[in-house]
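If you follow the hints, you should be able to join the two separate chains into one complex; please do so.
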Amino acid sequence: MSNHDIKIKVNGVVRTGTVSARTTLADFLREDCRLTGTHIGCEHGICGACSVEYDGQPVRSCLMYAVQADGHEVTTVEGLSDKDGKLSALQDAFCDTHALQCGFCTPAMLISAQSLLNETLKPTDEQIREALSANICRCTGYVQIFQAVRLAAERLRSGKEKVAS
Amino acid sequence: MKAASFDYVRAGSIGEICELLAEHGPMSKLIAGGQSLVPMMAMRLTKPSLLIDINEVKELKGISAQSDNLIIAGGTRQHQIEASSEVKRFCPMVQKALFWVGHPQTRNRGTLGGSLVHADPAAELPLVSVLLDAEILLQDADGEESVAASEFFLAPLVTALRPDQCLVRVSFPIWSGAVGGSFHEVSPRRGDFAIVSAAAQIALDEAGNCSRVAVGLGGVAATPIRVFAVEEAILGGGLAKTQLHELARLAADEIDPEGDLHASAEYRREVAYVLIERALTDAVQEARARMGASS
Ligand SMILES: Cc1cc2nc3c(=O)[nH]c(=O)nc-3n(C[C@@H](O)[C@H](O)[C@H](O)COP(=O)(O)OP(=O)(O)OC[C@H]3O[C@@H](n4cnc5c(N)ncnc54)[C@H](O)[C@@H]3O)c2cc1C
Ligand code: FES
Ligand code: FES
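Note that the protein sequences, when read in sequence, are chains H and F.
Mapped onto this note's numbering, the consecutive letters of the first sequence carry residue numbers 1 to 165.
Mapped onto this note's numbering, the consecutive letters of the second sequence carry residue numbers 1001 to 1295.
No lab work stands behind these hints, which were simulated from the structure alone.
It cannot be assumed that every hint is accurate.
[Said to hold, decoys possible] FRET-style restraints, in silico, Cβ to Cβ:
{"#": "1", "chain 1": "H", "residue 1": "Asn3", "chain 2": "F", "residue 2": "Leu1250", "range": "56 to 64 angstroms"}
{"#": "2", "chain 1": "H", "residue 1": "Glu31", "chain 2": "F", "residue 2": "Arg1249", "range": "52 to 60 angstroms"}
{"#": "3", "chain 1": "H", "residue 1": "Ile46", "chain 2": "F", "residue 2": "Glu1023", "range": "33 to 41 angstroms"}
{"#": "4", "chain 1": "F", "residue 1": "Leu1157", "chain 2": "H", "residue 2": "Lys7", "range": "34 to 42 angstroms"}
{"#": "5", "chain 1": "F", "residue 1": "Ser1049", "chain 2": "H", "residue 2": "Glu119", "range": "36 to 44 angstroms"}
{"#": "6", "chain 1": "H", "residue 1": "Glu161", "chain 2": "F", "residue 2": "Glu1144", "range": "55 to 63 angstroms"}
{"#": "7", "chain 1": "F", "residue 1": "Met1043", "chain 2": "H", "residue 2": "Glu161", "range": "48 to 56 angstroms"}
{"#": "8", "chain 1": "F", "residue 1": "Ala1222", "chain 2": "H", "residue 2": "Asp96", "range": "48 to 56 angstroms"}
{"#": "9", "chain 1": "H", "residue 1": "Lys7", "chain 2": "F", "residue 2": "Ser1049", "range": "23 to 31 angstroms"}
{"#": "10", "chain 1": "H", "residue 1": "Val13", "chain 2": "F", "residue 2": "Leu1045", "range": "31 to 39 angstroms"}
{"#": "11", "chain 1": "H", "residue 1": "Asp55", "chain 2": "F", "residue 2": "Gly1015", "range": "19 to 27 angstroms"}
{"#": "12", "chain 1": "H", "residue 1": "Arg34", "chain 2": "F", "residue 2": "Gly1259", "range": "46 to 54 angstroms"}
{"#": "13", "chain 1": "H", "residue 1": "Gly71", "chain 2": "F", "residue 2": "Ser1049", "range": "52 to 60 angstroms"}
Even glycine gets a Cβ: it sits at the ideal position worked out from N, Cα and C.
This is chain F alone, in the form it adopts within the complex (with noise of 0.2 angstroms):
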């Protein structure tokens, strides 16, 4: 299993980048932290005449908090994204995500842009980028588009990206009030992709009532999905624990999961439903928690 011939090229910046993707055309591909990539091409089920390594780009890598928005930089490795203080603080909800992202060796090479690229329908930074309403940075040689996340995702393994485009960065939302976060999932082996996996991150504002709310599940539809009844039903009152029960059971009803090899339909529907009611009820206790912490 070793991949088949090609060339290779370390870029050193986003416009060598972009200029290298021009020039080459469909049949080169940006290598990051190859986790994804490099199996494929030892599979065979990709074969690009040419690599682009774009590891060694600074541009590509760093977290900052500008103002309302926590930008992270497409070729950030995902323990780093994992370790920062400031991605625990304002984005709770991908912090968690991160500890459900392969194994600690994968996370030292994988990338956030890598990941979202990649976009399978049962990975996580897919499913809280799309969540937490992310923005996308896309750069090619004639210039940069921003992309929803939700509108990002088209299919498995498919995205709006252009094969001449590179991911620079996302940005995600700076929420106000006491944020809380979780995200929970289940899989065959610890490190595995996801059978079901559900992410919650909430608000609440001086008084302790939700002032904002995501929430969504992966691995039960072909891109990640948002539970839009959950929210509306959040923003409508309802925190107790007796509701997060029902609230659970109400997001369970609205997916439609399909059955394969790993599990059926049912135990999707199931696990979905316990899931849920978990990443509320953590992401309540922790936003409760930095609540007391903050007066």
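Isolated chain H (complex conformation) (with noise of 0.2 angstroms):
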């Protein structure tokens, strides 16, 4: 039942705060953090829901422990939109595809979307697949997410393209 001090860099901001080994990061970043978007759907490692970049790679944030991030990065989906609160280009995408309904499990189809679009603006559909077989969607049916993300990577792509021409 030990308690720890911990420190965790969350969307570029030091946290501190004490935590009993028990609680999730999952937990941490909703009830000490306040940052609610990352969701707790089974909170047994099966649904996704939880989804959080940690050191720069996704991972279920209910299948690890607050104190074991000690030390580490973890961005959540509050941290992909830029301070003034403006959407990213793929968070644009979902808007304009219509890749959510309920929301629930957004904001972890964003992030692993995003970690596969920081890897490459010309994913595959198999990478795409691949990339979020990991989240469980119950509304839409997938289609429009991987629209979504096909229409975010091609846009930042011709944005790329804009800025180098």
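Put into structure tokens, the structure is as follows:
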């Protein structure tokens, strides 16, 4: 039942707190940091709703204890838009293609898809499928989510080309 | 679904891990990627009183090719193994298997050692370590012990690891010749544990004859199995397409799967047949391509 003082950089801001060892990273983000964009569905690794970026890679925050993240960096969905709340290209694409209905899976879908786009702006359908395979959506049937990722990739690519030319 | 209370300590070295395990006994548990342990704790299927975190132990990470062996440290993340050019070159079956282990997200945390110690009967990494005759190095406060993978897996979720031991590293023999590997599986959804999986690795000598082969199946028995009858038949000379077809039948006849909620015994046997043929075909193809590339 040990308690631990921890320090985690969340969306670029250092957050400190005292947690009991069994507090999950997901609970720390939601309850201590009040960042409730990270959702909790199953709490045992199946649904993917709790996905966050941990040291630059997408992981399930319900499968980590907050104390383990001491000294590490986390990005949640709140960290995807810029400081003034302007949505990212991927978030805009989700709106434009109606890639959400109830929205429960959406923050985690954004985290997983953004990680893919950080690696490549020319993802194949197979790569998109693989990147999103860890996230369950009960509403959309995934088709519009695929469209959103493709659209965001396309816009980011052409944005880059414009800057280059 | 929250875990029961426990104490937590972050270990800094293998020595420290072994001391902590010796001091705290069987109620303490190591946590690596947590991708199997944390769900089990959330469901209260296990209630360790002390969690020893091995994620920051540098000695437990890394991949290196040393003379005849590819050595992977126990705490190496699955995604790192998947992305390693050395693994791809020296142990293609291992690299191919990783694509099927959960999802990119779970592979970002999950480790080789965690998967072997968890020992799910349908898991991919236990299967490849048995097929490739891997040696598993265990350490406790008194010293080291090496166990052959074929003797490590005792029953579903049961291994030869004692509660006071840490899995330090795994050595996979590097085969000579042109080596090809393959892994196939069928599961209800992408990323789920397999209903049946089949793996093959083949080495060809300069004349294009098979000099070494490993073939096996997961999900059809309590522990991973190697299909020796097929290996013997291949070493006896048969690599033509029609022969692979017959060999796959032979493999399916060798096994005695059980039916459960997910699939009947007959379905498992049929899937085993199809997957073994695919695995053999792909492994042979890759080995031939590599033979062409090196000559
Ligand atoms: C959604 C999902 C899908 C999955 N799909 C698959 C799949 O298709 N195939 C598959 O094989 N697995 C699958 N898994 C489980 C896999 O991801 C785990 O990584 C693996 O089973 C355990 O590895 P870990 O590093 O996370 O270990 P942990 O969960 O940290 O530990 C597992 C066990 O191993 C022990 N342990 C860990 N490291 C050591 C060590 N070095 N020495 C001694 N003991 C140790 C722990 O004490 C514990 O008992 C899935 C998991 C999830 C959440
Ligand atoms: S809440 Fe973490 S995977 Fe479902
Ligand atoms: S939009 Fe409802 S779960 Fe995905």
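Outcome of the hint check:
no. : hint                                       : in the structure
1   : H:Asn3 <-> F:Leu1250: 56 to 64 angstroms   : holds (60 angstroms)
2   : H:Glu31 <-> F:Arg1249: 52 to 60 angstroms  : holds (58 angstroms)
3   : H:Ile46 <-> F:Glu1023: 33 to 41 angstroms  : holds (35 angstroms)
4   : F:Leu1157 <-> H:Lys7: 34 to 42 angstroms   : holds (36 angstroms)
5   : F:Ser1049 <-> H:Glu119: 36 to 44 angstroms : holds (41 angstroms)
6   : H:Glu161 <-> F:Glu1144: 55 to 63 angstroms : holds (57 angstroms)
7   : F:Met1043 <-> H:Glu161: 48 to 56 angstroms : holds (50 angstroms)
8   : F:Ala1222 <-> H:Asp96: 48 to 56 angstroms  : holds (51 angstroms)
9   : H:Lys7 <-> F:Ser1049: 23 to 31 angstroms   : holds (26 angstroms)
10  : H:Val13 <-> F:Leu1045: 31 to 39 angstroms  : holds (36 angstroms)
11  : H:Asp55 <-> F:Gly1015: 19 to 27 angstroms  : holds (26 angstroms)
12  : H:Arg34 <-> F:Gly1259: 46 to 54 angstroms  : holds (50 angstroms)
13  : H:Gly71 <-> F:Ser1049: 52 to 60 angstroms  : violated (25 angstroms)
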